[in-house]
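Residues per chain, in single letters:
2 protein chains.
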Amino acid sequence: MGIKTQSAAHLKATNPVNSPRFSQIVGALPEVVPFVAPETLERRAGRRLALRMGANESPYGPSPLAIEAMGLAARTGNLYNDPEGFELRTKIAEQEGVPLSHVVLGAGIDDLLMLVCRTFLDPGDPVVTSLGGYPTFNYAVDATGGTFVKTPYVDDRNDLGGLSGLAQKYRPKLVYLANPDNPSGSWYTPAEIVAFRHSLPQGTILLLDEAYADFALANPTFGLDDTGVIRLRTFSKAHGLAGLRVGYAVMPPAVAAATDKHRLHFGVNRVAQAGALASLDDVDHLDAVKAQTEYAKVRLAEIARKVGLEPLPSSTNFVCMATESRQRAEVILNGLALRDVFIRKPGVAPLDRCIRVTVAREPELELFECLLLDVVSGI
Amino acid sequence: MGIKTQSAAHLKATNPVNSPRFSQIVGALPEVVPFVAPETLERRAGRRLALRMGANESPYGPSPLAIEAMGLAARTGNLYNDPEGFELRTKIAEQEGVPLSHVVLGAGIDDLLMLVCRTFLDPGDPVVTSLGGYPTFNYAVDATGGTFVKTPYVDDRNDLGGLSGLAQKYRPKLVYLANPDNPSGSWYTPAEIVAFRHSLPQGTILLLDEAYADFALANPTFGLDDTGVIRLRTFSKAHGLAGLRVGYAVMPPAVAAATDKHRLHFGVNRVAQAGALASLDDVDHLDAVKAQTEYAKVRLAEIARKVGLEPLPSSTNFVCMATESRQRAEVILNGLALRDVFIRKPGVAPLDRCIRVTVAREPELELFECLLLDVVSGI
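Taken in sequence, the protein lines are chains V and S.
Just so we're on the same page, this note's numbering is the position in the first sequence counted from 1, plus 6.
Just so we're on the same page, this note's numbering is the position in the second sequence counted from 1, plus 6.
What the hints contain is simulated information worked out from the structure, not anything from laboratory work.
As the structure is a computational prediction, the values presented were derived from the model and not from experiment.
Among the clues, some could well be false.
Distance windows between CB atoms, simulated [as the list claims (entries may be wrong)]:
{"no.": "1", "chain 1": "S", "residue 1": "344", "chain 2": "V", "residue 2": "30", "range": "44 to 54 Å"}
{"no.": "2", "chain 1": "V", "residue 1": "102", "chain 2": "S", "residue 2": "316", "range": "44 to 54 Å"}
{"no.": "3", "chain 1": "V", "residue 1": "344", "chain 2": "S", "residue 2": "101", "range": "31 to 41 Å"}
{"no.": "4", "chain 1": "S", "residue 1": "369", "chain 2": "V", "residue 2": "260", "range": "43 to 53 Å"}
{"no.": "5", "chain 1": "V", "residue 1": "106", "chain 2": "S", "residue 2": "343", "range": "18 to 28 Å"}
{"no.": "6", "chain 1": "V", "residue 1": "293", "chain 2": "S", "residue 2": "260", "range": "46 to 56 Å"}
{"no.": "7", "chain 1": "S", "residue 1": "38", "chain 2": "V", "residue 2": "177", "range": "27 to 37 Å"}
{"no.": "8", "chain 1": "S", "residue 1": "344", "chain 2": "V", "residue 2": "54", "range": "52 to 62 Å"}
{"no.": "9", "chain 1": "S", "residue 1": "223", "chain 2": "V", "residue 2": "49", "range": "31 to 41 Å"}
{"no.": "10", "chain 1": "S", "residue 1": "37", "chain 2": "V", "residue 2": "380", "range": "32 to 42 Å"}
If we take Cβ atoms under 10 Å as the criterion, some of the chain S residues that face chain V in the derived model are [said to hold, decoys possible]:
{"no.": "11", "residue": "72"}
{"no.": "12", "residue": "245"}
{"no.": "13", "residue": "267"}
{"no.": "14", "residue": "344"}
In this text, a Cβ means the ideal position worked out from N, Cα and C, and glycines have one as well.
Just chain V, with the same shape it has in the complex (with noise of 0.2 Å):
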């Protein structure tokens, strides 16, 4: 079942005389921010957080030898970074195992999502996702003027036969998939995934974000000549470097070069070159995230279970705690705000019923134990 829903940009845009005279699509975005900073939080509550733990925020730090690299690379700020990212892509095609030609850079996801909804998007040009994904994703489609078919999550996952059947139906240019998936933490195997790839229309790409890949037990490869799919990564999460914002996608030579033809050249900073490159050879600290974040999510579902939640299944660094509704799920949430814990939860059934949280360090996770113990104690 696909619900239909009409992009912003096609409502119809006021532009009384004498008011700027925006373009058509800004001219009739909402005004809306995909997300709410900690920091403005803070500003709001006019006092520091006594945890966060809803970004998704490595707790463990960068590798050390990324904070070497970056304060040396400072000391050369004076200098453009490379436009080209030619040692950090080189890199990163050789751990991929691609050419250079199909690795192309951005600042995040973020990025990266809004340069291929640039490339492939014309207003009124219809997306396929899941409904209650990745808010970023719609944001990105939003500024193209782009409309969405949607499909509800089905047993806490991305549907991944409703996502065919709209693509079969509607021929969209992108499909959007998180695997593993934010924010419910779910995940398919790499056979699944390249089942679902096939079962698409010729002509359509699927748009597959791993920004949690490498919390993943295996992830899906795809052949060099494969034209359908578009995989993003992330230095923000394993690697700890969400403030540096790096990210890359791999994707066929002849999208990357039309990316080239109006991407922000230079918009990864030279610090999060240095960064990215130091961190891709730091694997111990890598296998060290990997393995801290295993042992959090365990504590989490335990902490969880203590106070009557159900922790879902994650193959990512947080964990989805299933309360038995979206009323409920809303006053725990209200509960930790006020004591200053900083979490998310999901905002579209079925998934709101949940709150979501990032795995922690030891001493943070014991603190928000009590914290949560208290709170819903207290309901």
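Got chain V; can you put chain S on it based on the hints?
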């Protein structure tokens, strides 16, 4: 006299079966890169540059306070940057004497040009600019499908009367002007710029690129309620943070709110925000950079005259040196390139008879003098 050129986006896109279904605008864009980077030149040559005097980078480095702040910020790189850039915007607003709602951050002026163009331009909308002006503005207009109305430089400066006349005729949403100007180095007084702004028709916004304003004798100011001006500033030049990608725009609050609906909210990274904030506090460093820049420009002018070139007046951190002809300028550019000296030259008449040379420290100036003399004496 206006030279009206159709944008590349209006060429007919050829989109054979099975090729990617790009958007109409991107499908028709030419494959061009605004600038070839010095890193690319080094990779092509297989060796390092001897002198990097082509990108108008500061040879005096970032402020030591900024370097320290950036090193510290890198340590918490696992946390997302503040998408509102609150601290940095607050300090900028103070220094500019405007409310916070007027200040928009971007990853350099390139990013802000794209943001402003996307905020206003629909496909086919005309913009007015100088023929041979800053190419990245043109790159941003192309990405929106906008079209150009251009007027040539007169007396090696932007032709304010010509630009104004075209604006009256075409009533564009945007008129672009760089002051001080790149690539000429020329400058108009605040009174001249304010008069120019008031010569524009209602509904036309002056997009005033002040990338080099830190080097100007004085800069124009506009009323807080003036909805006809957007000013762009950068930390890439006098502040020596080109590789960090930070700039800002001062614009009417209604326009700022519109950019918030489609901008890349996390685009200015954590280290960049920290570096720019610290740099604003280091007035001594900025003053020293300005003084050293003035000295180096005097030296560059001397060097130019010594080899028979004519230095154009400069209110920037570079000097345009005029030869008799485009051909001669190209011979000199190529001769310097063979000696591993990276400079650039304007591509469009009348400035195409010039080479453009960025200021440098004394040892580099001496080497440049030596190599330029070698080239010119060998012609």
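Review point. Of the hints stated earlier, which fail here?
Key: 10 and 14
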